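Residue numbers (the working numbering), protein chains in the order written: chain S, 1 to 483; chain G, 1 to 255.
It should be emphasised that the hints constitute simulated quantities derived from the structure, not laboratory data.
Note that this is a predicted model, so its numbers are computed, not measured.
Quick reminder that beta carbons are idealized off the backbone N, C-alpha and C, glycines included.
Worth double-checking, as some hints may not be accurate.
[To be verified] Result set (EDC-like, lysine to aspartate or glutamate): computed pairs, CA atoms no more than 20 Å apart in a straight line:
| no. | chain 1 | residue 1 | chain 2 | residue 2 |
| --- | --- | --- | --- | --- |
| 1 | G | K208 | G | D98 |
| 2 | G | K83 | S | E466 |
| 3 | S | K307 | G | E178 |
| 4 | G | K83 | S | E349 |
| 5 | S | K111 | S | D78 |
| 6 | S | K140 | S | E472 |
| 7 | S | K327 | G | D236 |
| 8 | G | K129 | S | D312 |
| 9 | S | K111 | S | D70 |
| 10 | S | K274 | G | E178 |
| 11 | G | K83 | S | E365 |
| 12 | S | K307 | S | E421 |
| 13 | G | K103 | G | E118 |
| 14 | G | K208 | G | D68 |
| 15 | G | K83 | S | D312 |
| 16 | S | K226 | S | D51 |
| 17 | G | K83 | S | E472 |
| 18 | S | K58 | S | D378 |
| 19 | S | K407 | S | D378 |
[Stated by the list, open to error] Label pairs and their computed distance ranges (CB to CB):
| no. | chain 1 | residue 1 | chain 2 | residue 2 | range |
| --- | --- | --- | --- | --- | --- |
| 20 | S | K222 | G | Q4 | 38 to 48 Å |
| 21 | S | E100 | G | S235 | 22 to 32 Å |
| 22 | G | M217 | S | Q442 | 23 to 33 Å |
| 23 | G | S235 | S | Q195 | 48 to 58 Å |
| 24 | G | S235 | S | L353 | 31 to 41 Å |
| 25 | G | V96 | S | E100 | 34 to 44 Å |
| 26 | S | P419 | G | D109 | 35 to 45 Å |
| 27 | S | K86 | G | Q4 | 53 to 63 Å |
| 28 | G | F232 | S | R304 | 35 to 45 Å |
| 29 | G | Q4 | S | P329 | 22 to 32 Å |
| 30 | S | P419 | G | D112 | 52 to 62 Å |
| 31 | G | M1 | S | L353 | 46 to 56 Å |
| 32 | S | Y423 | G | S235 | 34 to 44 Å |
[Said to hold, decoys possible] With the C-beta cut set under 8 Å, the calculated list includes, among others, these residues of chain G facing chain S:
| no. | residue |
| --- | --- |
| 33 | R93 |
| 34 | M137 |
| 35 | T139 |
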Amino acid sequence: MTERAGYLPGLAADEVEWRVLRFGRGIETLEIEVPVLSDAQMAALAARVRDAGRHHLKTLSTARIVNIIDQAIARLLDRDDPYRRKAEALLPVVTGYDGEMIRLGLTGYLKTFRKPELNRFLAEDFPNPGILDDFQPIAKGGVARAFGPDILVHIWAGNVPGLPLWSLISGLLVKAGNIGKVPSAEPLFAGWFAQILAEIEPSLADCFAIVWWKGGDIVQEKALLKEAELVLAYGGNESLAAIRSRVPVTTRYLAYGHKISFGMISRAALDVRKATTAAHQAAYDVVRYDQQGCYSPHVFFVERGGKVSPRDFCRYLAHELASFERKYPRRALTIAEAGDVAAWRHQAELKVLSRPEHEIMGDAEGAWSVAYVEGDDDFAPSGLNRTIKIVAVDSLADVASRIAPYKAFLQTVGIAAPPDELYRLADDLGRVGVTRISALGQMTAPEAGWHHDGRFNLLDLVTLTEIEHSAEAVSDSFAPYVD
Amino acid sequence: MDFQDKVVLVTGASRGIGAAIARAFAGEGAAVAVNYLQNTAAAEAVAAECRELGGEASPFQADVTNGDEITSLVGGVLETFGKIDVLVNNAFRPYVFDPENRKMFWELDWADYQTQIEGALISTHGLCKAVLPSMKMRTQGAIINIASDLVARPTIPYHDYTTAKAALIGFSRNLAVELGPFGIRVNCVAPGIVYPTDATRDTKEEIKDMLIASTPMKRIATPEDVTGPVLFLASDWSRFMTGQTLYVDGGLVMN
């Protein structure tokens, strides 16, 4: 089976060079053709997107754009829609994730981009979203209007299905011309979304493009970066630094690096009834997309003193992971990924040798592992792919100071604790760099309007043009109706 | 069914149903701990048979109604075999099954009930608790308690014995709920009368004929008949069954 990735307005398929990426899952195989553009083609594409963005997208009201996106999302939520069917059929083959997990994950995720949720996005960043459509009064006096960039370049990473929608939709809401570069690990979804948008509103067909190049292809990357007004990039710090070195100095650059998220379970959540629920939710956070998200947990801090001990919580969690393995089996790992898991286990096993109170659960050949540790163990990333560490602590209040050295890497914390403790912990965690606190079981499903890494999804993309009060006042004197 | 690398502890395994269960596990490659109370020679013979059948086996003497002896039994098994995957609580307090001369209700004292209830539950309670740390550590394990079909159909009302076995089934269901989240399963096997065993050696032909007449399969269970369901409940084939009671009586009881 062959599928073509990307979305290239103005370029005929036969003018473009296509390269084939091969994917397989069990007996299913899929060949994806990805476009390899010449410098000239990249420049032509950027010119077309810039021009169409100025003339079409920027003339639409935000409400109209919200409606168009809402219709596109409605199509992807409709399980009979051909694109949705294609997503359900092909994404498991491309990413290796379990089909059911993808189906449920997509629905939950897409629901955060419907009209009411998009309006929430806007309201989160703009006290008056009308500022995207026209000059609006601002608090300091005068008026201002927000403009999105002519060319917003997205460099996406990872294989969590649908993830590019976050920034692509953000770009559309601020009326930017968007060019997104898809990762080789999941090159399809963004292109489908672009095609749906173009089908729904043909006048926007040229306002965005989806391209590909092999990660690290500097020539291709430079060809696009020089066209950009603003660059959004995702990935590891090394590749982000490399991209930054190639972004022209006058171009704004926003980087979203790898993050570590974790969970905290208060003794109040460890009574006999609630502990199994907490273990179920914690396991779900681990299982969803095999910890590939920035919001996926790597460690759970579990407080002593509840009816259920951290050690028994660990066992509940282990059994939940075993159960989830039957419901949502882990995807087949690459050799490198399997190596990371083995290295993580090896490290944990070494610690068990020196500290017999530590434990490691799950078979070495199995699809999950839980390490149980006591004392001040290092706060470190897991081996990914369903490897998780449980750290028993006397008090959750001690955790924040322990993780403070990792400020640049912290993101989501899933917390099960009573209200006063939740606020107390949140305050401490915020100080050391945590930007999102969710319920256990919700770590991998940020709510609509979430401030990614504590930043503004939309506000960070725009520039304000202010008409100061003086200009407004003086202009009166030039009016034909001046008295 | 493959029990290679699995460790099974069977209580009361020097004779009768327990010995048959031990042999059956060994035949599928398991390492079997043959617990017994008194008859060392018999237990050693069962262990030898187990080894001949292809499994590992060792006899372990212990009075499973005694807490200290349970602790040293489980400690000994763990020391010998490293873990316990399956516990079969088969031992029970001696009871005379004599339909003609059984005690009628008004002849029974509370002490008679007490004896049987303790016989069925003290050992099971103690052993379940003792094997739990080892099973929890690996979040897997199967416990199988041997009950009786008399609970569902008291063909002959052995009040004290059957009440104790009914308590055992209730005990098992509660434990199944508690241990499910740890991946540990608890089930019962409830045989009808099994012949020949030491407990049924003196059962009269007339009684057996009466039972055979009402049994769809038209015979009485042998110890080997009981082993299949026990192995099944110990195996991954029953991985999603817990808190259940399987009746092994040729269809006398249908639930």
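Fill in: Restraint status (C-alpha distance of S:K140 to S:E472 at most 20 Å)
holds, 14 Å
Worksheet item: Is 48 to 58 Å right for how far apart the beta carbons of G:S235 and S:Q195 are?
Response: holds, 51 Å
Discussion item. Hint check: S:K58 vs S:D378, CA-CA at most 20 Å. Holds or violated?
Written reply: violated, 50 Å
Practice prompt. Measure nothing beyond the straight line between the CA atoms of S:K111 and S:D70; if it is 20 Å or shorter, mark the hint as holding.
Written response: holds, 10 Å
Discussion item. Need the status of pair S:K307, G:E178: alpha-carbon distance at most 20 Å?
Written reply: Roughly 14 Å between the alpha carbons, so the hint for S:K307 and G:E178 holds.
Discussion item. Against the 20 Å threshold, does the CA-CA distance of G:K83 and S:D312 hold or violate the hint?
Written reply: holds, 18 Å
Discussion item. Given the hinted pair G:K83 and S:E472, is their Cα-Cα distance within 20 Å?
Written reply: Violated, because 84 Å separates the two Cα atoms, which is more than 20 Å.
Discussion item. Given the hinted pair G:K208 and G:D68, is their Cα-Cα distance within 20 Å?
Written reply: It is violated: about 40 Å lies between the C-alpha atoms, which goes past 20 Å.
Worksheet item: If you check the beta carbons of S:K86 and G:Q4, does the distance land in 53 to 63 Å?
Response: violated, 45 Å
Worksheet entry | Distance restraint evaluation - G:M1, S:L353, Cβ atoms, bounds 46 to 56 Å | Since the Cβ atoms of G:M1 and S:L353 sit about 35 Å apart, the hinted range of 46 to 56 Å is violated.
Item to complete: Please work out if S:K327 and G:D236 have their alpha carbons no farther apart than 20 Å.
Response: holds, 16 Å
Discussion item. S:K111 and S:D78 were given as a pair; does the straight-line alpha-carbon distance stay at or below 20 Å?
Written reply: Given pair S:K111, S:D78 holds - Cα atoms ~11 Å apart, limit 20 Å.
In summary, the structure is inconsistent with hints 2, 14, 17, 18, 20, 22, 25, 26, 27, 31, 32, 33 from the numbered list given earlier, while agreeing with the others.
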